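One letter stands for each residue in the lines below.
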Amino acid sequence: GENVEQHPSTLSVQEGDSAVIKCTYSDSASNYFPWYKQELGKGPQLIIDIRSNVGEKKDQRIAVTLNKTAKHFSLHITETQPEDSAVYFCAASIPFGNEKLTFGTGTRLTIIP
Amino acid sequence: ETGVTQTPRHLVMGMTNKKSLKCEQHLGHNAMYWYKQSAKKPLELMFVYSLEERVENNSVPSRFSPECPNSSHLFLHLHTLQPEDSALYLCASSQDRGGPSSYNSPLHFGNGTRLTVT
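Protein sequences appear in the order of chains W and P. Residue numbering for the first sequence follows my numbering, beginning at 1 and increasing consecutively. Residue numbering for the second sequence follows my numbering, beginning at 1001 and increasing consecutively.
None of these hints come from the bench; they were simulated from the model. Note that this is a predicted model, so its numbers are computed, not measured. Where is the CB? At the ideal position from N, CA and C, for every residue including glycine. It is possible that part of the hints are untrue.
Derived DSBU-like pairs (lysine-lysine); straight-line CA-CA distance at most 30 Å [to be verified]: (1) W:K22 x W:K37; (2) P:K1041 x W:K71; (3) P:K1041 x P:K1022; (4) P:K1036 x W:K22; (5) P:K1040 x W:K42; (6) P:K1019 x P:K1036; (7) P:K1036 x W:K42; (8) P:K1018 x W:K58; (9) W:K71 x P:K1022; (10) P:K1022 x P:K1036; (11) W:K57 x P:K1041; (12) W:K37 x W:K71; (13) W:K42 x P:K1019; (14) P:K1041 x W:K68; (15) P:K1040 x P:K1019; (16) P:K1022 x W:K58; (17) W:K37 x P:K1041; (18) P:K1036 x W:K71; (19) P:K1040 x W:K37.
Beyond 12 Å from chain W on every Cβ pair, some chain P residues (computed) [unchecked claim]: (20) K1018; (21) E1044; (22) S1065; (23) N1070; (24) S1071; (25) R1097; (26) L1107; (27) V1117.
Simulated coverage check for chain P against chain W, where a stretch passes if three residues somewhere in it have a Cβ under 8 Å from a Cβ of chain W [what the hints assert, rightly or not]: (28) 1019 to 1026; (29) 1047 to 1057; (30) 1075 to 1087.
Okay, chain W solo, but in the shape it has when bound (with noise of 0.2 Å):
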């Protein structure tokens, strides 16, 4: 089965610097990639998705890029504001249904004022 790997396990950033997490995947197969941000006691937010036909996507300050041959993607937070301090998940997952979808081990992104 798909096997995700995210890195790094936690980051501290300067409010103001970008912010990069990357993850890696197994599967050559899967096709859709989001990432999931989650605050302290609530539930993990679908932030920014791409799919296996585009190489960028970008949403304001945050953007997600995809290297297919190379299997990773990554994500990408420019002008970070404390808000930003979260969990971020990243997953993958191949074209039968969301129950083939992966996450990784997660993120602690910590935004020092």
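Use these hints to put chain P onto chain W, whose structure you have.
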């Protein structure tokens, strides 16, 4: 009303107790899920329901029993749990399951039930 509501938020139960977790979605979605979240581990899918029919079990112990009476409600019945079952239990919904001929539709999670088994 928030999209996906879970009750209770916190639950402490003994190993011989029977309790139930409740999930309700107000998004008009057709698929609902139970996930287990433990520290430093990936989210673990427990059960999937699509149009009120169970799709996947993922070899979950029988001490966890799901129920989906309609497309808006999902329950997880708990009995004779073990201390290692202590975790955050998350409910999620999506427009549909997705599949070979369609894209995955995003998951919408509730805020979870923090379960402690003593």
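Hints and how they fare:
Among the hinted pairs, W:K22 with W:K37 is consistent with the structure: their alpha-carbon atoms are about 14 Å apart, no more than 30 Å. With a CA separation close to 21 Å, the supplied pair P:K1041 and W:K71 stays within the 30 Å bound. With a CA separation close to 23 Å, the supplied pair P:K1041 and P:K1022 stays within the 30 Å bound. Taking the CA atoms of P:K1036 and W:K22, the gap is about 23 Å. The hint holds against a cut of 30 Å.
With a C-alpha separation of about 17 Å, the suggested pairing of P:K1040 with W:K42 holds against the 30 Å cut-off. Distance restraint check for P:K1019 and P:K1036: the Cα-Cα separation of roughly 16 Å lies within the 30 Å cut-off, and the hinted pair is therefore satisfied. About 14 Å separates the Cα atoms of P:K1036 and W:K42, which keeps this hinted pair within 30 Å; it holds. Note on P:K1018 and W:K58: the hinted pairing is violated, with a Cα-Cα distance of about 47 Å set against a maximum of 30 Å.
Under the criterion of a C-alpha separation no larger than 30 Å, the hint pairing W:K71 with P:K1022 is inconsistent with the structure, at around 38 Å. For a cut-off of 30 Å, the pair hint linking P:K1022 to P:K1036 stands: about 14 Å separates their Cα positions. A C-alpha spacing of about 27 Å is found between W:K57 and P:K1041, which places the hinted pair at or below 30 Å, so the restraint holds. For the hint pairing W:K37 with W:K71, the CA-to-CA distance comes to about 22 Å; that is within 30 Å, so the pair holds.
Distance check on the hinted pair: W:K42 and P:K1019 sit about 22 Å apart at the alpha-carbon level, within 30 Å; holds. Using a Cα cut-off of 30 Å, the hinted pair P:K1041 and W:K68 holds, with the two alpha carbons roughly 25 Å apart. For the given pair, P:K1040 sits about 26 Å from P:K1019 by alpha-carbon distance, which is consistent with the 30 Å threshold. A hinted pair counts as satisfied when its Cα atoms are at most 30 Å apart, and P:K1022 with W:K58 does not qualify at roughly 36 Å.
Taking the CA atoms of W:K37 and P:K1041, the gap is about 16 Å. The hint holds against a cut of 30 Å. Taking the CA atoms of P:K1036 and W:K71, the gap is about 26 Å. The hint holds against a cut of 30 Å. Among the hinted pairs, P:K1040 with W:K37 is consistent with the structure: their alpha-carbon atoms are about 15 Å apart, no more than 30 Å. For P:K1018, the shortest C-beta to C-beta distance to chain W comes to about 25 Å, beyond the 12 Å cut-off, and the non-interface label holds.
The non-interface label for P:E1044 is inconsistent with chain W: the shortest C-beta to C-beta separation is roughly 9 Å, within 12 Å. Distance check for P:S1065 against chain W: the nearest CB is about 18 Å away, which clears 12 Å, and the non-interface claim stands. The claim that P:N1070 is not at the interface with chain W holds, since no C-beta of that chain comes within 12 Å of its own (minimum 19 Å). The claim that P:S1071 is not at the interface with chain W holds, since no C-beta of that chain comes within 12 Å of its own (minimum 15 Å).
Interface exclusion of P:R1097 from chain W breaks down, the closest Cβ pair being 4 Å apart, not more than 12 Å. Not every Cβ of chain W is farther than 12 Å from the Cβ of P:L1107; the closest lies at roughly 6 Å, contradicting the non-interface assignment. With a cut of 12 Å on Cβ distances, P:V1117 stays outside the contact zone with chain W, its closest approach being about 20 Å. With 0 residues having a Cβ less than 8 Å from any Cβ of chain W, the segment 1019 to 1026 of chain P misses the three-residue criterion, and the hint is violated.
Under the rule that three or more residues need a Cβ within less than 8 Å of chain W, the assignment of the segment 1047 to 1057 of chain P holds, with 3 such residues. Restraint check on the segment 1075 to 1087 of chain P versus chain W: 0 residues with Cβ-Cβ distances below 8 Å, three needed, restraint violated.
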